[in-house]
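Enquirer: Chains A and B are the protein sequences, given in the same order. Counted the way my numbering counts, the first sequence spans residues 6 to 501. Counted the way my numbering counts, the second sequence spans residues 6 to 501.
Don't read these hints as lab results, they were simulated from the structure. What you were told as hints is all true, and nothing was included just to trick you.
Copies of the same chain look alike in the list, so a pair counts if it works inside one copy or between any two.
DSS-like cross-link-like pairs, simulated, lysine-lysine; straight-line CA separation at most 25 Å:
| no. | residue 1 | residue 2 |
| --- | --- | --- |
| 1 | Lys309 | Lys107 |
| 2 | Lys397 | Lys383 |
| 3 | Lys101 | Lys257 |
| 4 | Lys451 | Lys65 |
| 5 | Lys300 | Lys257 |
| 6 | Lys28 | Lys413 |
| 7 | Lys42 | Lys451 |
| 8 | Lys309 | Lys101 |
| 9 | Lys351 | Lys390 |
| 10 | Lys65 | Lys11 |
| 11 | Lys397 | Lys384 |
| 12 | Lys237 | Lys397 |
| 13 | Lys28 | Lys412 |
| 14 | Lys451 | Lys412 |
| 15 | Lys9 | Lys451 |
| 16 | Lys107 | Lys300 |
| 17 | Lys42 | Lys11 |
Protein chains: 2
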Amino acid sequence: MRFKVKIINISTGSVPVVVLNRKDCAEMDLHLNERVKITNPKNNLSIIAAVDFYDKLFPKDTAALMSEVSDALKITEGQYIVLSREESPIALRYIKEKLTGKELNSEKINTIIQSVVEGRLTDIDLTYFVSSCYIHGLTNKEIVSLTKSIVHTGEMLNLKSHPGEHIYDKHCVGGLAGNRTTMLVIPIIAAYGLKIPKTSSRAITSPAGTADTMEVLAEVCLDTKKLEQVVKKTNACIIWGGALNLAPADDKIIRIEHPLSIDTDGLMMASILAKKLSVGSTDILIDIPYGEYAKVKTKSRAKKLRKMFIKIGRILGMKIKVIITDGSEPIGNGVGPLLEAIDVLKVLRNDADAPLDLKNKTLLMSAELIDMHIHNIKKSRKIVKELLESGKAYHKFMDIIDAQGRKKLPELAKFTRTVFSPRSGIVTNINNNDITRLARFCGAPKTKEAGVYMHKKVKNKVSFGDPLITFYSNNQESLDYAVEYFKNSTAYIIVK
Amino acid sequence: MRFKVKIINISTGSVPVVVLNRKDCAEMDLHLNERVKITNPKNNLSIIAAVDFYDKLFPKDTAALMSEVSDALKITEGQYIVLSREESPIALRYIKEKLTGKELNSEKINTIIQSVVEGRLTDIDLTYFVSSCYIHGLTNKEIVSLTKSIVHTGEMLNLKSHPGEHIYDKHCVGGLAGNRTTMLVIPIIAAYGLKIPKTSSRAITSPAGTADTMEVLAEVCLDTKKLEQVVKKTNACIIWGGALNLAPADDKIIRIEHPLSIDTDGLMMASILAKKLSVGSTDILIDIPYGEYAKVKTKSRAKKLRKMFIKIGRILGMKIKVIITDGSEPIGNGVGPLLEAIDVLKVLRNDADAPLDLKNKTLLMSAELIDMHIHNIKKSRKIVKELLESGKAYHKFMDIIDAQGRKKLPELAKFTRTVFSPRSGIVTNINNNDITRLARFCGAPKTKEAGVYMHKKVKNKVSFGDPLITFYSNNQESLDYAVEYFKNSTAYIIVK
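Bound conformation, chain A alone:
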């Protein structure tokens, strides 16, 4: 059937949508969300879209195209499209199989992921897939297939100078505020001479992702060509993965997990390993902090994940080492992009007030990584300490920043307030979720110079009147709200 094109510049962000008159739908027996194939007869470009209805506004025989659709068809308003019914994608049959608890072979998983990337699945379809994976779990075979499919539906980088070269990488399973080890481990490893290109993510629900924090100091949106130059020059990079077309299916799956904030072990594993595979990593250190406020709550789950990571990595041809660390409180003192960047710089410059927990965690992780190369943990520890304390890591970091494109360090946010301890005692608990929330109330991660600074950490002694926490915000009302929230919270527990 032929329709006159009306363009509505709305991006649905998920499956492409075409809006038709309700009468036209009735005549074609099309239901809401049913899939149709839309073709531009002038250039034969076509796209699969989901049907939506409208009652008023546009005349009959008009198809209102969302911008994804009009862009894909290279069509302008007033031209004509041809619309035909599209059978449900075969991926739906496989999703239904998974829903009933069957194991999917690699071909079926590939069909699903291909459909995801092509935007042929609606949110409903994809949610069935994600919830099936969540409830039934994924076998190792399935995780491997999934990882490979996610990699192959996107771009792959080749950063090796010669075929057998090892490429190092690290990943933290996350959930802790201030955990900015990436920006310290990468320059240390690169300063030692190993290649370690790192793609990081931005914050979704946290007050700062590594990409947000690095962006305070340097450009992080690099294209493939620029990325290759940076790695060639410095052995490393710390960039935002989202700027490249690596593992594009992954973001669409994560978007579905977000509303219920569920974590599906198998999907998480595939998501992490796909990103590593797509940059060509061969030797990977994975940090799993566990604790009440971390993504992984218990040591036993951390151990289970460790086993899975190592096993699946082996099948995929990657050497994976997993460390399980203390995730009971935020890492470092600052929370928010600029405050965290300052913590990182303090550690690299060996400042007297550098956060010790961040430094120790950095040394631990860097040594484990170098040990993967020289197989001597004692020696590795020595090397790492020397690289950090000599300033070699600091200089490597400056090289990386210059290569990516240095930025001028901004001032901290203009409104600040410090809350002092109402009693003397020992800090026995800091609620990571409250700290996260407070930093976001102050404006992080959007406002890079906003956030909170923790003067005291767990096990620290405090006297009455000692500064506990300082808030930074560019908005007076937000600051007031954060301070009020803090006073009524149990963000800090101080016991006599």
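Model the placement of chain B on the given structure of chain A, informed by the hints.
Expert: Here is chain B on its own, set in the frame of chain A:
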């Protein structure tokens, strides 16, 4: 934050949507699909909507409202709305509990269903709920809570003349083409003197729902007042349930099940029983046809469902009788609204060529229903036979049609074609799914006068050249396509 209103007359059909500029979203730290509360400051009306982005077209500080939103706020273009972040509905927490396999109490289920009716859940949220119910199943307690919630979030009819009056009802679990027993059983039971108001559905994927077929003969979109009049006058009605606000949550849940065509026993049960409860039914006969092409594939599943129906019905205070019937082939000869209506009239008029299978099934079901009243199946069978063969049921049906609003019977579709048997033998199988597809290719259910007529049924002898099937369509191309499809299909299997 204040936004100038731009109205886009698009109905999303699910959760209300507000479209904002991407920059505004970034400033407010709003993500795709996040929920916001939108208030019209002039009248204090407010609504919860999901956020969508756009890049171009509208200026910054503009909120484009889909028509559900502007209607709910009683707002016009150019006015201002106030937008604020809305915490995720608490229903999400309960959905997550169900996802992890926990049993939900009645309060939690009620919160979920309330949120469904208020449009506070996105498709993603609702799909998590449906898939959890599918995979983990629902306990009897949960099904009971769900049924009550679905009833209480909609309208309830009171059709009783006195408090203790019994109200009869019937339901078929479905899947078979041509299964129009409702239009026969209802007049028989009403002619006997029992009250039996029946709400039916339209076709979703079938070539005709009971409401579509009845609509050939009479009005089926009745409001509550008119419905009460019809039932008072005739003891019965056969109407489209969708015209009333009964069990509104149900349709939204069914919409989610549709893309993967999954059937969740517990949801199906709640959906059926909620519709019965909302019209006040007390004594219900449920028909579960089983067979390769029916909704229920095996006798053992049919038996399992029978047990569940009876048990849950008892808890809800309804007397339920379940019959398990042969669902191996379509019922009657005609498939498509008008062709099925003709079959019904033939049975009621005791025509010589009335489809015997439809008549026998009608007699069986009607006798079981009357037996629920007089507890004597032998006598019930006699009564039912007499009511049908004497023409009393026919006259009752005419009364119901007149009360609802009689329509002029249309002519059958103008293009027809008959396919003749290529061999002699016995029909051993008729593929219900192919028959369904063929009738839809011809234009049913949209074109009421389109469909197929089966001259032969399973176990019938056929000679070479006997007519097998006749196609009716108003579109010559559709007819050709259907005939071609039939010839290449295994819709009929004839064995020597």
